[in-house]
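Chain L: place on chain G using the hints.
Residue numbers (full-length UniProt numbering), protein chains in the order written: chain G, 1 to 349; chain L, 1 to 349.
Among the clues, some could well be false.
Pairs involving identical chains hold if they fit within one copy or between any two copies, as the list cannot separate such chains.
Once the Cα atoms are required to be at most 27 Å apart in a straight line, the calculated DSSO-like pairs of lysine-lysine come out as [as the list claims (entries may be wrong)]:
#, residue 1, residue 2
1, 5, 25
2, 5, 343
3, 234, 222
4, 281, 260
5, 260, 234
6, 25, 193
7, 281, 166
8, 193, 222
9, 25, 281
10, 281, 234
11, 281, 47
12, 25, 47
13, 222, 166
14, 5, 47
15, 47, 343
16, 222, 25
17, 222, 343
18, 222, 260
Derived from the structure by calculation, the hints contain no laboratory data.
Number of protein chains: 2
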Amino acid sequence: MTTIKLDIIGYGGMGRYHATTIIPKETNIMVNGVYDIDPERLTLAEKEGFRIYSSLSQLLNDTDSEAVLIATPNDSHKELACRAMRAGKHVVCEKPVMMNSQEFAEVLDVAEETDRVFMVHQNRRWDEDFLIIRQLYQTQEIGELFQIESRVQGANGIPGDWRHLKQHGGGMLLDWGVHLLDQLLFLVDSPVKSVVSELSYVLGDEVDDGFISYITFDNGVKSLIEVGTSNFIKLPRWYVKGYSGTAVIHDWDLSGDLVKQVGQVAHHELIPVQAGQGLTKTMAPPSEDAAQRLSLPAPVFEHPTFYTNFYQVIRQDAAPVVKNAEVMRVMQLIEDIFASAEKRAVIHY
Amino acid sequence: MTTIKLDIIGYGGMGRYHATTIIPKETNIMVNGVYDIDPERLTLAEKEGFRIYSSLSQLLNDTDSEAVLIATPNDSHKELACRAMRAGKHVVCEKPVMMNSQEFAEVLDVAEETDRVFMVHQNRRWDEDFLIIRQLYQTQEIGELFQIESRVQGANGIPGDWRHLKQHGGGMLLDWGVHLLDQLLFLVDSPVKSVVSELSYVLGDEVDDGFISYITFDNGVKSLIEVGTSNFIKLPRWYVKGYSGTAVIHDWDLSGDLVKQVGQVAHHELIPVQAGQGLTKTMAPPSEDAAQRLSLPAPVFEHPTFYTNFYQVIRQDAAPVVKNAEVMRVMQLIEDIFASAEKRAVIHY
Numbered sequence: 001m002t003t004i005k006l007d008i009i010g011y012g013g014m015g016r017y018h019a020t021t022i023i024p025k026e027t028n029i030m031v032n033g034v035y036d037i038d039p040e041r042l043t044l045a046e047k048e049g050f051r052i053y054s055s056l057s058q059l060l061n062d063t064d065s066e067a068v069l070i071a072t073p074n075d076s077h078k079e080l081a082c083r084a085m086r087a088g089k090h091v092v093c094e095k096p097v098m099m100n101s102q103e104f105a106e107v108l109d110v111a112e113e114t115d116r117v118f119m120v121h122q123n124r125r126w127d128e129d130f131l132i133i134r135q136l137y138q139t140q141e142i143g144e145l146f147q148i149e150s151r152v153q154g155a156n157g158i159p160g161d162w163r164h165l166k167q168h169g170g171g172m173l174l175d176w177g178v179h180l181l182d183q184l185l186f187l188v189d190s191p192v193k194s195v196v197s198e199l200s201y202v203l204g205d206e207v208d209d210g211f212i213s214y215i216t217f218d219n220g221v222k223s224l225i226e227v228g229t230s231n232f233i234k235l236p237r238w239y240v241k242g243y244s245g246t247a248v249i250h251d252w253d254l255s256g257d258l259v260k261q262v263g264q265v266a267h268h269e270l271i272p273v274q275a276g277q278g279l280t281k282t283m284a285p286p287s288e289d290a291a292q293r294l295s296l297p298a299p300v301f302e303h304p305t306f307y308t309n310f311y312q313v314i315r316q317d318a319a320p321v322v323k324n325a326e327v328m329r330v331m332q333l334i335e336d337i338f339a340s341a342e343k344r345a346v347i348h349y
Numbered sequence: 001m002t003t004i005k006l007d008i009i010g011y012g013g014m015g016r017y018h019a020t021t022i023i024p025k026e027t028n029i030m031v032n033g034v035y036d037i038d039p040e041r042l043t044l045a046e047k048e049g050f051r052i053y054s055s056l057s058q059l060l061n062d063t064d065s066e067a068v069l070i071a072t073p074n075d076s077h078k079e080l081a082c083r084a085m086r087a088g089k090h091v092v093c094e095k096p097v098m099m100n101s102q103e104f105a106e107v108l109d110v111a112e113e114t115d116r117v118f119m120v121h122q123n124r125r126w127d128e129d130f131l132i133i134r135q136l137y138q139t140q141e142i143g144e145l146f147q148i149e150s151r152v153q154g155a156n157g158i159p160g161d162w163r164h165l166k167q168h169g170g171g172m173l174l175d176w177g178v179h180l181l182d183q184l185l186f187l188v189d190s191p192v193k194s195v196v197s198e199l200s201y202v203l204g205d206e207v208d209d210g211f212i213s214y215i216t217f218d219n220g221v222k223s224l225i226e227v228g229t230s231n232f233i234k235l236p237r238w239y240v241k242g243y244s245g246t247a248v249i250h251d252w253d254l255s256g257d258l259v260k261q262v263g264q265v266a267h268h269e270l271i272p273v274q275a276g277q278g279l280t281k282t283m284a285p286p287s288e289d290a291a292q293r294l295s296l297p298a299p300v301f302e303h304p305t306f307y308t309n310f311y312q313v314i315r316q317d318a319a320p321v322v323k324n325a326e327v328m329r330v331m332q333l334i335e336d337i338f339a340s341a342e343k344r345a346v347i348h349y
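With the rest of the complex left out, here is chain G (with noise of 0.2 Å):
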């Protein structure tokens, strides 16, 4: 079947990306053009080999292409995707996807109407560091995984772009939570039963510039999810814990330890360890035959890659791996930690 041809909307570091970097190694998806609103960047785009349009109505009456990415500030997402589908494309949209559910469940009944696909660029879902947590989850290696704590932490504050402004939807809820819990959500297959959540705002912006958030499952899973932009060390990406073990990811380098219960622990056995001015058998290493390093598992996943399913969705009739549904659910979980913050109260379901 047919290649498909794609516009970009939005030629900043995300548009950019895709068209430099992501879209490339796909065989059934190339870049047709490029709009932005801003000279400088179109002029980049020209130079980097793409066809520019002079204006959005340029892009979205060109027949060659079937599709568009929206890579823009979050609060035009809705406008453009609604005209673009309109105008009879499929929509590539990046996250998150509306500044809130009601937009998106307005942007839905517009992809229904005109029987566009719209799919949401929840990439993180192919991360390998998730890939492999994911793993855990499935295979059960360390036990039942009960805890997961999710962290992405570092130390530049909010970029001095959009995302530092609320007209814009930014904020670091918005730009790193939505994937965190898209992740998050992915993952346990289980109902959200209470969420309890604070946004920081250290950093003097009118936008969170990070939030912690405790969220618990109906099947016992408890998750804490993290985000912080000014933390000049890190804890690690990922901890989490099974039944019979423990299992660390440092950093996106997928660095990381994974411990894993092999016996009992023999309590008469233990020997209290001098810890600070006290004593403490509690806390003592466990003995060494009741726990044993392993190596993480691989990564695997069982999708093609965003653009070949985005493809195959549209060609094909295949189901889409990042579904609307989905995203709808993390939309509304993000606009529940905004209320749970705001009212300082555990929101439950």
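Chain L alone, transformed into the frame defined by chain G:
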């Protein structure tokens, strides 16, 4: 002034640690004798060179000693403390002081009525790891600390003694939580604003095998306190964020890191880094000129040892380092943590 002779009630792990490790270092306090309901422990105490009593009454009637140490299971503290003070003894009590704040209030009434000194052995105020964090809090070397994470994690479960039974006041919140919360309230000079918490019961004990609690203060400090007994890999003992840096203490060995901001991050100069399937500027390392790795400060404590202070309180009318009002505040906070976990709600003050 004359040495204070002290009798020890309870010759388990802690009683023996006081007798053989802590008190021998003191110049003004000495062990007078030992009582335990377990004949084997009495035999051990005798072998280790201590005079032993055949009954509690015999101990309390011995006019050679002015004070007692109570190092028995938690549910026996109240009766022993009251009897000892009514017999004219000053009291050092192991932690957690009582089963609840009501019991503690009754004991404090008896202390007032009998004019005896009652001091709780919150020894971890003298832990070097804590004193390093206290230095950072006071000197503001990395700016005002606004986030304090204090964790103690092990993989041994709850020791198979009275500590895993509810009737004796077992469970990790009372056992280890009382230390971490005492340190926190001693550190942060501000009223608590809110508490939310969850207890862990993954090991199938009738008492909590760990907990996580998130505590905010009126002065803006936020704190995460966590104890775990099913953690085969440990997160750092301390993780603290100041407005211009982050510090970590990994373990009791005081290994750790301190990274301090020394300049402003130039956002336009940040180079996005590949992170999983995406690029990030926000989570790129801070530019080299903007952060500096330094040594942790040395631990400093302006107070004498616990027992020297106990001596000074009795002989010289000094102020106690561990004040009963502080211990009461911790006891009430523990009750609120239990309540928050049970109600699954944020408690506001």
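Structure-based check of all given hints:
no.: 1; hint: 5 <-> 25; result: within (14 Å within a copy, 80 Å between copies)
no.: 2; hint: 5 <-> 343; result: neither (47 Å within a copy, 55 Å between copies)
no.: 3; hint: 234 <-> 222; result: both (21 Å within a copy, 18 Å between copies)
no.: 4; hint: 281 <-> 260; result: within (20 Å within a copy, 35 Å between copies)
no.: 5; hint: 260 <-> 234; result: both (24 Å within a copy, 13 Å between copies)
no.: 6; hint: 25 <-> 193; result: neither (40 Å within a copy, 53 Å between copies)
no.: 7; hint: 281 <-> 166; result: between (50 Å within a copy, 19 Å between copies)
no.: 8; hint: 193 <-> 222; result: both (10 Å within a copy, 24 Å between copies)
no.: 9; hint: 25 <-> 281; result: between (55 Å within a copy, 23 Å between copies)
no.: 10; hint: 281 <-> 234; result: between (29 Å within a copy, 16 Å between copies)
no.: 11; hint: 281 <-> 47; result: between (66 Å within a copy, 23 Å between copies)
no.: 12; hint: 25 <-> 47; result: within (20 Å within a copy, 77 Å between copies)
no.: 13; hint: 222 <-> 166; result: between (30 Å within a copy, 24 Å between copies)
no.: 14; hint: 5 <-> 47; result: within (20 Å within a copy, 88 Å between copies)
no.: 15; hint: 47 <-> 343; result: neither (50 Å within a copy, 61 Å between copies)
no.: 16; hint: 222 <-> 25; result: neither (37 Å within a copy, 45 Å between copies)
no.: 17; hint: 222 <-> 343; result: both (21 Å within a copy, 17 Å between copies)
no.: 18; hint: 222 <-> 260; result: within (20 Å within a copy, 33 Å between copies)
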